[in-house]
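Sequences and hints are given; from them, build the entire structure.
In the order they appear, the protein sequences are chains R and V. Sequential numbering of the first sequence, starting at 1, is according to our numbering. Sequential numbering of the second sequence, starting at 1001, is according to our numbering.
Just so you know, the hints here were simulated from the structure itself, not pulled from any lab data. Where a beta carbon is used, it is the ideal one built from N, C-alpha and C, also for glycine. Each hint should be verified, as a subset may be incorrect.
Stated by the list, open to error - Some chain V residues well away from chain R (every beta-carbon gap over 12 Å; in silico):
#1 1102
#2 1130
#3 1248
#4 1254
#5 1284
#6 1358
#7 1400
#8 1419
Said to hold, decoys possible - No farther apart than 30 Å at their CA atoms in a straight line, the calculated lysine-lysine pairs in the DSSO-like style are these:
#9 1314(V) - 40(R)
#10 40(R) - 82(R)
#11 60(R) - 34(R)
#12 40(R) - 9(R)
#13 60(R) - 9(R)
#14 40(R) - 1366(V)
#15 1437(V) - 9(R)
#16 2(R) - 34(R)
#17 1362(V) - 1314(V)
#18 1366(V) - 1437(V)
#19 60(R) - 90(R)
#20 34(R) - 1437(V)
#21 90(R) - 2(R)
#22 1366(V) - 90(R)
#23 1245(V) - 1362(V)
#24 1366(V) - 1245(V)
#25 90(R) - 40(R)
#26 1437(V) - 40(R)
#27 90(R) - 9(R)
#28 82(R) - 2(R)
#29 1437(V) - 1245(V)
#30 1311(V) - 60(R)
#31 82(R) - 60(R)
#32 90(R) - 1395(V)
What follows is the residue order along each chain.
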Amino acid sequence: MKLVIAIVKPFKLDDVREALTTLGVEGMTVSEVKGYGRQKGHTEIYRGAEYAVSFVPKVKIEVVVDDAIVGRTIETIHDAAKTGQIGDGKIFVLDVGQAMRIRTGEVDSQAL
Amino acid sequence: MANALKDALGDVGVAFRTDVSELKLLGETMPVLKFSHAFHLLFVFLFILVPSPALAEEAVLNGANTAWILTATALVLFMTLPGLCLFYAGLVRAENVLSVLMQGFSIACLMSILWVVCAYSIAFGDGGAANQWYGGFGKTLLSGMGLNAMSGDIPESLFMMFQMTFAIITPVLIIGAFVERIKFSAVLLFSGLWLLLVYAPVTHWIWGGGWLADLGVMDFAGGLVVHATAGITALVLAVMLGPRKGFPDDVRPPHNPGITMAGAAMLWVGWFGFNAGSALAADANAAMAMTATHIAAATASLTWMAIEWIKYGKPSLVGMVTGMVAGLATITPASGFVGPIGALAIGFSAGVVCSWALSFIKQVVKIDDSLDVFAVHGAGGMLGIMLTAVFAVPKLGGLGLAEGVTMLDQLWVQFAGVIAVVGWTLILSIVIALFVKAIVGLRVPDQDEADGLDVTTHGERGYSLGGR
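Laid out in structure tokens, this is it:
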């Protein structure tokens, strides 16, 4: 099993969710995060004082999938989240040692 | 006659306690009234007053004026609770939002008590031989103020209440200087002493028949009494307290500009009570004061907006409402003396001068008067005091200066008022701050400041997002 972490632009969340559902990925965890890469922050000015805001709001999507569909998962997320502008985000893949569905006690692939 | 009156009133539902056998027009007995209907006939009754034994002549209560000043009192209290509190709260970090609200609320409560206990007396009493300087303690705990005591043609208790709302908002203004780092006990101790030693005497000098009133200083609703005193004290405390950690390069921006605008809107509306109410009458003077107030607010807001647009390319909400406050502070002393043209000019000047003052204090002098109390209220109030002399002249649309007084004469008088008030406020604020520093200390520990005062001083969290 693999944990696929995708950091995407917030307004792309729905597109990614729909695409993953079509693919057959049945669950995900989403968090609101901040970050930057090459897309630097911006400056806000309040009463003449400048505030450098380095971080840009993003959404982090985490899905755990079977090894067999990792490749398609990455591709799906990529196609749905891409805009071509700086700040589109990144995708990381980690190994998952074990998994369990809490309600039933099913483990590993049964849990996904 | 007394019995006929009693019968007539009885016909419309006004009942008397049976142990009051007759209506004593000149005595101490106050009938207990029970109104069942015909409330408008209350005015008839009110014209037959029992004068307070302290007054020589019979003062007649004016119902219209009383009704308006009752309303104005509520409006001015609304400016503090919650107007100014929200205005300031939105400008600080989220971890300090409650501390600002708490400081405002608690000062309002404390000043109310102190006003009734002795500050009203100091401000508006008769100081006898020392009446040039302060009003004495003759009205301590409002002694001698019976139910029907009058101040002009409104009840004295109402005048006292109306003035109380001014005494409340002025120390709350100062909060802006010391947010995010001051000790709560210091806030209470300082504000209480400041009311007694700075606000009340200055009020007496200008509105209570003191020496500045005799000199002819024109301050319609508090350019000196409220804004200049608050502004100077803010500067003193900002210096003595020291800046916020990270000032000037690393402070965090306003956490909720939306709430700041909500507070600002309440201030604008409430300011009609502040300025138009200072006419102490429901008359043309009040209406003109309201007009001038409104025009100045709108003009100053647009001016500040334009300045930001030109300077930074982006007109901001925080900037615009700051301009509004600057305009309102500046028109405050002039509101009852100038016309619409004066208001336009004063509003515009406020936008220009106060925005410059803000940059000057924060970026050149680098004093962390965190929410710019001096730039907006101090500079605005003093500017307004000087412009009052200019725009009060009929040629510029004003309502006229005193008999035989030229604009230049009045400018000198106004300037004298500024020097006197600034000087007194400066010295006393320093003394009080040193005293408070010695007794309870001024500043919270660095870690408390970093964690935020809400949790560390007040044990509360302003926002429980995420359910915890």
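TODO: Sort out whether residue 1245(V) lies within 30 Å of residue 1366(V), counting only the CA atoms.
DONE: holds, 13 Å
- [ ] Please work out if residue 60(R) and residue 90(R) have their alpha carbons no farther apart than 30 Å.
- [x] Given that 30 Å is the threshold and the Cα spacing comes to 10 Å, the pair holds.
TODO: Quick one: work out the minimum CB distance from residue 1419(V) to chain R and report holds if it exceeds 12 Å, violated otherwise.
DONE: At about 29 Å from chain R, residue 1419(V) clears the 12 Å cut-off, so the statement holds.
Task: Status of residue 1102(V), Cβ more than 12 Å from any chain R Cβ - done: Nearest chain R Cβ is 23 Å from residue 1102(V), so the label holds.
Open item on the list: For a C-alpha distance cap of 30 Å, please report whether residue 82(R) and residue 2(R) respect it.
Closed with: Holds: residue 82(R) and residue 2(R) sit about 22 Å apart, inside 30 Å.
Task: Holds or violated: residue 1311(V) to residue 60(R), with C-alpha atoms at most 30 Å apart - done: With Cα atoms ~37 Å apart, residue 1311(V) and residue 60(R) exceed 30 Å; violated.
- [ ] Hey, is residue 1358(V) genuinely clear of chain R, shortest beta carbon separation above 12 Å?
- [x] violated, 6 Å
TODO: Take a quick look at whether residue 1366(V) and residue 1437(V) sit within 30 Å of each other, Cα to Cα.
DONE: The hint holds at about 22 Å.
Open item on the list: So if I understand the rule, the pair passes when the alpha-carbon distance is 30 Å or less; does residue 1362(V) with residue 1314(V) pass?
Closed with: holds, 20 Å
Open item on the list: So residue 1248(V) supposedly isn't at the interface. Is its beta-carbon more than 12 Å from every beta-carbon in chain R?
Closed with: violated, 7 Å
Task: Given pair status - residue 1395(V), residue 90(R), alpha carbons within 30 Å - done: violated, 70 Å
Task: Given as non-interface: residue 1130(V), partner chain R, CB spacing beyond 12 Å - done: Non-interface label stands for residue 1130(V): nearest chain R Cβ at 43 Å, farther than 12 Å.
Hint compliance for this structure: hints 3, 4, 6, 15, 20, 22, 26, 30 and 32 are not met, and every other hint is.
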